[in-house]
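Colleague: Chains as they are written, first to last, in numbering that gives the first Met the number 0: chain A, 0 to 657; chain B, 0 to 657.
Hint data in this document are derived by calculation from the structure and do not stem from the laboratory.
C-beta: ideal position from N, C-alpha, C; glycine also.
Treat the hints with care, as some may be off.
[As the list claims (entries may be wrong)] Where chain B lies over chain A, by a calculated footprint (3+ residues, C-beta under 8 Å): (1) 32–45; (2) 142–156; (3) 268–281; (4) 327–340.
There are 2 protein chains.
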Amino acid sequence: MPHADFLLIHATVITMNSEFQIIPDGAVAVHGQMIVAVGTTVELEAEYEAGEVLDCGGKALIPGLVNAHTHASMTLLRGLEDDSRLDVWLLGYMMPVEREFVSPEFCKVGAKLACAEMIRSGITSFADMYYYEEAVAEAVAEVGMRAVCGQTVLKFPSPDAESFEDSLEAARGFIERWKGHDLIIPAVSPHAPYTCTAEIMHACAELAKEYDVPLHTHISETAQEVEQWRETYDMPVVPWVKKQGTLEAKVIAAHCVHIDTGEMHTLEHANAGVAHNPSSNLKLASGFAPVTQMLEAGLNVGVGTDGPSSNNDLDMFEEIRLASFVAKAITRDPTALPARKVFEMATSMGARALHIDHLTGSLEPGKRADIVLVDLNRVHNLPRFDRDPDAVYSRLIYATKSTDVTDVMVDGRWLMQAGELRTVDVPPLLEAAAEYAKRIDSFLVEREGSVLSKLIAIGGAEQAESYEVQIKVRLDDPDDVINNLSSNGLRIIRHAHYLEYDTYFEFDDRDQGRLRHREDDFVNDKGEVFNVRYRLTLIGPAAEREFPNSVLLSRSRFIAPASHGLRFYREYFKPENEFPVHKDRLRWLIQFDGVEFFINVDRVLEPRLPNSFLEIKTRTWSRRDAEDKADRITALLGVLGLGSAEVVRDEYIQLITE
Amino acid sequence: MPHADFLLIHATVITMNSEFQIIPDGAVAVHGQMIVAVGTTVELEAEYEAGEVLDCGGKALIPGLVNAHTHASMTLLRGLEDDSRLDVWLLGYMMPVEREFVSPEFCKVGAKLACAEMIRSGITSFADMYYYEEAVAEAVAEVGMRAVCGQTVLKFPSPDAESFEDSLEAARGFIERWKGHDLIIPAVSPHAPYTCTAEIMHACAELAKEYDVPLHTHISETAQEVEQWRETYDMPVVPWVKKQGTLEAKVIAAHCVHIDTGEMHTLEHANAGVAHNPSSNLKLASGFAPVTQMLEAGLNVGVGTDGPSSNNDLDMFEEIRLASFVAKAITRDPTALPARKVFEMATSMGARALHIDHLTGSLEPGKRADIVLVDLNRVHNLPRFDRDPDAVYSRLIYATKSTDVTDVMVDGRWLMQAGELRTVDVPPLLEAAAEYAKRIDSFLVEREGSVLSKLIAIGGAEQAESYEVQIKVRLDDPDDVINNLSSNGLRIIRHAHYLEYDTYFEFDDRDQGRLRHREDDFVNDKGEVFNVRYRLTLIGPAAEREFPNSVLLSRSRFIAPASHGLRFYREYFKPENEFPVHKDRLRWLIQFDGVEFFINVDRVLEPRLPNSFLEIKTRTWSRRDAEDKADRITALLGVLGLGSAEVVRDEYIQLITE
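Chain A extracted, bound-state conformation (with noise of 0.2 Å):
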């Protein structure tokens, strides 16, 4: 007689096969990580010999639920700022108060108290992606819970690499450490396409096919991000997505809330898996995924909670229903998105999505012991009908809440039983969590009266890129210069010439940066101004480096328009000195090398400075980059005749100030 570890049987069997299949007095047989049976109580008492058998008096029995997408360890961060707009909740919160307190600690102890909501909440799997991934994954090992976690690339420096390439190489450590796990399935996260460059989702595409993981990225989350994908590359998302090779990898995509049929059936060509995060979408106003075209073009799509500072928990139960009710007012159609469907994509069609389904998904013996128990005898969720045994779908997916949730295994260990967590310690981690929270709180209240909040309030603020390699040099003669950049075979992409007014607003305390109102008046070849454009940047302390001929300058940069008057920005920012700036600047853009660089020719007016001067600029993603870059620097210098001219360290504004 075969030895199985646990029998569970009396239990309403919804075992999510291909065939959805659902046996009423039904058992299931674990041994090990595994289900080794599945049957009806009779048939799998009689067959087995068990170390322990468990009577479920009923409960339902359903494949652990698969949160397809979530940043578990901002568990710490919810409710810190809800009913903002983007921009206020990204910029002024979430990405000042992460680089300031996001620490390997901070995603351990965030993402173990995830780990305990999600067992509450029935789930055994889920796709995290976030900084120190390695954090996760030894929080989410010591738990016992099965996930995706995918270290995230960036083209920002973020909390936890300075580049593109630290990132990347914490990405292949990640997974050579932990390919192979029992519970943790390493991925690479390039963040999204618009926090990314080409050369990043290829370079990521290409480490996730070289180890066979999994890559998880955000794809189409706005409609803003493909109106700008639109403009910038006359193609949606997808499309750019799949030339820079990213489709080749088993591809998670999150959100895709603003894709087209095309875009779905590529996405299906490739084997992706969607991540639908309905509560997120609809608290940030993202919008409605297209859910019921998706899964009509075959695509596996997922469901997930997305992170809990935009949901604000992590609660499936309530996240399939809202996916159901949200697919049948979008379609005008209430016999869409219909229960059985809903509870597929939660579990076995989640599995798929995240390319983990021969682990997971389904109750079928070889499939490891991912199990849940569910009281459906409560006071909210009877009387029950039975004409229709699938009519046990609804009551799990219309009237079941989380906290109907029992008993959870994970690869065959328990988690949670009849109520009571058994692999986390809560209350220490709550009082982390208190400590972190208070220290964040102290922090934003000092930032209170801070420039930056104050820019972000006001609207439209974006961070630019925040390196930048650069030159500046006195010129004796400009028309030498002028005369050498139109001669010397270098490719003149643009040239404009403008009144630059730039107005410095400074503040007590420096660290606050220098906000700048600037009025660009464009001239033309008459002299006559044809257009005039206003804009506002907080410019933040500037790290420098220095290469041979030039500064790598890497901080950052909040561009705002600027659609009020000077008077209101000087009302409302209140700034402790003002300084004016005048300059006459004639502006190039060239290609040097094949590499672009703007060239500024400038005439300081007012407060007026005796010489002109030359400034040699270009954005750079990356330390490699940004080395490859100064060396042309240098080349260009040569080239425009000034290899010896006298290399001018400060701003204009040090020159006028100081």
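Following the hints, complete the assembly by docking chain B onto the known chain A.
Modeller: Just chain B now, with coordinates in the frame of chain A:
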């Protein structure tokens, strides 16, 4: 020192008073039914001598939630049929099952179970609408909740009334018995404009005004309803309702999904309350109510769960979160319907919408003690950021679960303490519910092969008016009658001539009724067919009542457009017998003595009947009206010169087959 029965101390008191005052270490003193003081713990401990002092241990102390619209007794029909089209759900399941099973006992059991669930969800007051509202009120009063109980009035026979007059009388008696009760606010509930008539809407308003009680109705739930109103009355629903005097009463208007800005202002001007039911509107695919616009128009909008058969639960925390989420997504604005505003809708504003804000909705001295304690310190709701005191609203809306409610007091009486219900004995109720479910299941299984189910399954079936007063007489000379018609000062509204090709399907079980497939070929003056219409009608067995010269026919009749060919229906319904009846019909719609009548002059062509026949038919909705119309039919026969014609009792199909 003044005395209080209860002093609740050490709570975060969220008053929902007009200043939205929050008292961090707050207290509430209760004496008898009333809140006598709200303040800090220190203040109230110094001021009151208390019978019992309760340490709330930092929980949130909130006003009891107001569920602005439900049909409580429908807990017994929860999950009966989900993911179906509205017509299948309503006509195929809800209405037939209600006709068969709804009784005072049914309503009482269902309402008590609903109360148990609502108390658990922090609800202390609700607006109900159902049949046998007397039984509902008894159940609610026994449990000790507060409710606006609306006795339903309809133009159709309903489970508790044969006619509109009966239900209006029942409503009057109900209001008289319950008016002035401590917990029950009786109300009248004309179900909806499309299930009432102008006269019914008017009569209900008069009744509500006479007793100064609320009038609770459904307004503009579906786009179809509004479309029908525009077609029929050339106006949307609210102006039509206003025309019937309805808005002179204290209106509670459920749904208002499809109303325009003008209608909002009309409702606001009338101080009508609106009940927004997001789960139901989404699940039934009714649409997205314009909540932010309604609020901008100054309307009092409450939040309702609607009945548990279209939700499928009575969870207010789920409902208010959803209200906020959906408002954000629909307006594409994440700042829309922020947490505090939606919490206001669930409390003080909800009470105003129900016209009970003098009793409940906020924690203020002088209001009844409707109080709820919520534990905000569970793992899914931590950490807590304190820099903004209003963040507590965000925790209540975005992360609180109904299961976080621990204690509920209504009217100074504890209904739940530490998660234990004090006034409802749930197990026997669940037993009774299970018994009903079993009987309903059997009833539906038996019906499974029924013609009606099949008709509904193929979509579009509509129940037609079920009362008709009619007479048929044998004609010696049709031309005489036709001449009399055009010469006797009767007003002819419409006239048509068509060939009617009926095919009757009969089934072994005569209770199934007859299914008629009908083709009408409309003929113009030159004898040419210019239009063809196909319809299916399932005609139930008739309940007849004789009048001197006519018959009152009451029967169920379901009409569906016949978009397939006759062969399809023959194969689909597999009738036992089939009879063709072909007629040449001249049809007039006339007005006589202020009433509209249809007059048919028929020659039965196949199988050929020797004489012509004249039929007079008119629709009715009440017993008294039927009697009046029967008298007029007698007079009309005289006018047509048929005072002594032979009255034929049989239908054509009977004349042919017998």
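Colleague: Hints numbered earlier in the text: which of these fail when held up against the supplied structure?
Modeller: 1, 2
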